[in-house]
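So the sequences go chain by chain: A and B.
Taken in order, the first sequence gives residues 1 to 337; the numbers are from my numbering.
Taken in order, the second sequence gives residues 1 to 347; the numbers are from my numbering.
Be careful, since some hints might not be right.
[Claimed, not checked] Keeping only pairs whose Cα atoms sit at most 20 Å apart, straight-line, the calculated DMTMM-like set for lysine to aspartate or glutamate is: (1) B:268 x B:241; (2) B:47 x B:36; (3) A:30 x B:55; (4) B:47 x B:76; (5) A:30 x B:291; (6) B:233 x B:291; (7) B:233 x B:187; (8) A:30 x A:58; (9) A:30 x B:257.
Note that these hints are calculated values from the structure, not bench results.
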Amino acid sequence: MLDLYALDLHRPPDATHSSMLGASHPFTYKHLFDRAGRRSRPPGVARGQMSIQCAAFDAPAAAAEERTTDMASLVVGRMLAGHPAQVGRVGTILHAQCTLDQQMLSSTCLRLRHDHLPDVPRYATIGQLGTAGVATALRLAACTPHPDSTNRPLTCISASDKWIAPFVKNFPDLLTFGDAAAACLAAPSGGRAYAIAHVLDMELLARPLPYDLWTAPASVQEDFIFAGVQECAERVRRRSDFRRADLRLIGDAMIAPLGERLAGSLGMARLADAAPTHLSSASALFSIGAAIEAAAAREQIIDALVWTASLSGQAAAMLVRCRPDALRTPTGWTARS
Amino acid sequence: MREIFTLSDFGLVEAGMELPGAPRDIIDYASAEGVDEARVQTLLANKLRWFHMDEDQSDADLIATAIEDLCARLGDRACLSRVTHLIYAHTQAFSMPAPPESLLSDLLGRYASLQPTLCFSVEHAGCASSVMALEWAARLLHGDGAPEALALVVTSDRAFGTAAHRIRQDGGIQSDGASALLVGARDLRCRFGGVTIATYGGLHEGPSSPQNAAAIAHTTWLHIRHMLGEHSKLTGLDLNDAAAILPVNADFPYWLEIARALRIDAAKIYADGMTRRGHACCADLAINLIDRGFALMDAGGWVVFCAQSNLGAYAALTLLPTACRQQRQEAAAFVQEACAACSICTL
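Okay, chain A solo, but in the shape it has when bound (with noise of 0.2 Å):
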């Protein structure tokens, strides 16, 4: 369904937190603490408040001034400097991202536009997805034809999310969010004879939560969540030729054990996780990223079953084969020539 020729990873370094909350900035989103913002803000925070205290621990934390936006036009500029001769056939620009920028009235899609793909006729950032946007944006970018889509076939696709206070960064045995940004170039299979992987087919899931995001245990909530890839995985996989055994696992990293049991479940192996923590939206292209990676370290192709899901009730799964001849940049992948 898509072709992929290219992949930019950014993951800051990482740095030890205490507070449940994301890095402090004083002066950021001081409105939600109106009265009206009190739906747009987690229940529970108190204005001022620009931490929560609890148990150490370890996630990529962007600089302070290192904005979403920033990464974004990092990882996007990294990748497209490798395809100059590509950027005049990028005729889509679609960013996910679940947080929002500190310079809020900003934003990210019209940057990576003015930035680096200035004559791209159409733009969107993506939301309301969680964390899951990403496999949202491949299946727009496979499924809907340009006007322009024989000169323009490529989408410019993007993920990057840094947590601010007052949202949340940690959520206590289930996972923790890390600060990361990631872009890839797609296109609807069959245009080029060279790609790095291709994604075969995806199935996604949106589903109403039966409990509260901010109250439910995290039990509970990993358990919908397996339910949901779960359900994913399978259809996707019944619907291709794929045996159990030929299909390697690999998802979103979380403190609960979701990888060990859907692999139990599915009766997959499972490739090494892209990182120890969750890197928020970017976390399905880090993934994508990781299964690369196996497949040149081992010469082979590999048929990786991607798997990511947000806590707000979205899931995917993809199917990816991915290429051993793809060709390692400094921050990423990209495709012979």
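Here the structure of chain A is known, so what remains is to put chain B in place on it, guided by the hints.
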């Protein structure tokens, strides 16, 4: 997947809206908030008077009421079970639940019959997001190829804080409000005639500094004028033949300039929404269709909706009466970008 996409195969089945509470009088509000009297006189001169405000409901609450309004106007709740795509558009970045919550999941929980195969939001393009969401909806319905399928585009925007956050310079007052737009290929109230997305680079930071705010104030009407001119050329439709131009419900002084520059009869510019409703961002499209546009199209006229942003993104949407599909099909099937580095953009 069919290769040829004809926008005018699709249109609006119905629209619904929610402006919470009783209309508030800008005079009383400004007085209570200590707004300078001279400024109030300017706002009144710019056709502003009534607006809506609600500090307690969530975006999903407002949208649910708009969906109820849509279903009531349509006289059909079963339509929700035919929705294959659910798209949320919003302007105000914070008009959403706290990440990683999802407004879409909230809505799915409220309507058991709502089981779309794909849902997502379109954001970071200001009020132009509403038109972009409609264009995505039509394109995705085309890709699915099921003639009875529907897409539901919902919007919600809320302003937080004091009058400084609710009154926009001299030309607008923010209303809190939501809308629901049902997109399909059958039983239409109006047809999509053409979409123009115009993007003027360099404004992606929004009004985050006095310099940016000044640049936006200086260029917005020029950008709208340029985009509308392009839209008219590309659709082959003379704006003076439109039954009305429906702007977002703000910035009346800009529209006088635009009408003068494009030689459009200023009476074509629908300004009652500015006075009666206030600017509810992405909901203005549905509000102005319900208040005026649908009636004009029922009478055989066509209208242009024009959306702007403070980010350099603009969109125009021509809407045609259902009956004039055949005449307009060819001219209408386009999606066009205006200039990327426009000569009138001073940044």
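Exercise. Are the Cα atoms of residue 233 of chain B and residue 187 of chain B separated by 20 Å or less?
Worked result: Given that 20 Å is the threshold and the Cα spacing comes to 29 Å, the pair is violated.
Problem set entry | Given pair status - residue 291 of chain B, residue 233 of chain B, alpha carbons within 20 Å | violated, 28 Å
Exercise. Is residue 30 of chain A close enough to residue 58 of chain A, meaning Cα to Cα at most 20 Å?
Worked result: Violated, because 27 Å separates the two Cα atoms, which is more than 20 Å.
Problem set entry | 20 Å Cα cutoff - pair residue 30 of chain A, residue 257 of chain B | violated, 37 Å
Problem set entry | 20 Å Cα cutoff - pair residue 30 of chain A, residue 291 of chain B | violated, 36 Å
For this session: Starting from residue 47 of chain B, check that the Cα of residue 76 of chain B is at most 20 Å away, please.
Result: violated, 36 Å
Exercise. Holds or violated: residue 30 of chain A with residue 55 of chain B, Cα cutoff 20 Å?
Worked result: Given pair residue 30 of chain A, residue 55 of chain B holds - Cα atoms ~16 Å apart, limit 20 Å.
Exercise. Is residue 268 of chain B close enough to residue 241 of chain B, meaning Cα to Cα at most 20 Å?
Worked result: holds, 9 Å
Exercise. Does the structure keep residue 47 of chain B and residue 36 of chain B at a Cα separation of 20 Å or less?
Worked result: holds, 17 Å
Hint compliance for this structure: hints 4, 5, 6, 7, 8 and 9 are not met, and every other hint is.
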